[in-house]
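*Asks:* Below, each chain spelled out in residue letters.
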Amino acid sequence: MTGKPRLRQRADAAFDRLLDLPAAERAVALVAMRLDPDVEAAVRRLLAAHEAGTVALDRLPDATIGRDGALVGRRLGPW
Amino acid sequence: MGEVTVWLSQARSGDPAALHRVFEALYPELHRLARMRAEAGERTLTPTVLVNEACLRLLGAERLSLQDRRHFLATAARAMRAVMIDHARRRHAAKRGGPGDDVALDAIEFRLGVAVDEELLALDQALESLEAFDPQLREVVELRYFAGVEFERIAELSGVSLRTAKRQWERARAFLHAQLAERHP
Chain Z
1 MTGKPRLRQR ADAAFDRLLD LPAAERAVAL VAMRLDPDVE AAVRRLLAAH EAGTVALDRL
61 PDATIGRDGA LVGRRLGPW
Chain R
1 MGEVTVWLSQ ARSGDPAALH RVFEALYPEL HRLARMRAEA GERTLTPTVL VNEACLRLLG
61 AERLSLQDRR HFLATAARAM RAVMIDHARR RHAAKRGGPG DDVALDAIEF RLGVAVDEEL
121 LALDQALESL EAFDPQLREV VELRYFAGVE FERIAELSGV SLRTAKRQWE RARAFLHAQL
181 AERHP
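Line order of the protein sequences matches chains Z and R. Going by my numbering, 45 is the number at position 45 of the first sequence; the sequence numbering is gapless. Going by my numbering, 122 is the number at position 122 of the second sequence; the sequence numbering is gapless.
Here chain Z stands alone, though its shape is the one from the complex:
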């Protein structure tokens, strides 16, 4: 694997490790990883996305269901 996919894999792996740490320790830990600059930049973008407030995906269609209480806790389908 070369190029962008490889970069994404490495950034994702580093991001995954950083998520194990408390948020306040991640920036220092990232520098200590001594990643290639382009990988480090990609990890920073992932961290920024992770720490961003509400993004499109957080506005789940079901948030509204949750408030109504209609489907919360119910199994989907006949199983």
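You can trust all of the hints, since none of them are fake.
Coverage of chain R stretches by chain Z, computed from C-beta distances (three or more under 8 Å per stretch; other residues unrestricted):
{"id": "1", "region": "123 to 135"}
{"id": "2", "region": "175 to 181"}
One side of the interface only, derived from the structure: several residues of chain R facing chain Z at Cβ under 10 Å:
{"id": "3", "residue": "V141"}
{"id": "4", "residue": "R167"}
{"id": "5", "residue": "W169"}
{"id": "6", "residue": "E170"}
{"id": "7", "residue": "A172"}
It should be emphasised that the hints constitute simulated quantities derived from the structure, not laboratory data. Glycine included, each C-beta is placed from N, C-alpha and C at the ideal position.
Mind docking chain R on chain Z? Use the hints.
*Replies:* Here is chain R on its own, set in the frame of chain Z:
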């Protein structure tokens, strides 16, 4: 045994076309249910309600194995995504020029948090990148976002811990959000 159950069994035996047949059954069913509910004056359609109802209609009282459940729900989530994207495309096109060709569908207001159709269409594109990166992460997003499946159930279906399922969601969320920020800064 209903035909959907037979297809799921064929998928389990390694027939790659079988899940496509399940999708082909689910897709019009979801459209039909959405249209029926819209025409009945319902203004608060949610994808999860539609998926749930489609599952009940296509499976009846059949009990599925864990693997079949996973296949079926993942396919239902994918079909719901296709329906929602179609809907967003039509509405987007209608806004840009003339009415859509399907008034009933245009009348449907999915009760989505996504403010604009462009956002949903961009998300769909980013999901294609996520698919290329890691199909498992794409499946988690489809199950959670388009079918409203809870993390506990996703973990059970995927055979992973709850912590892993939530971590997969976090990785997918960051990946998608970073993609969207890159394309639409």
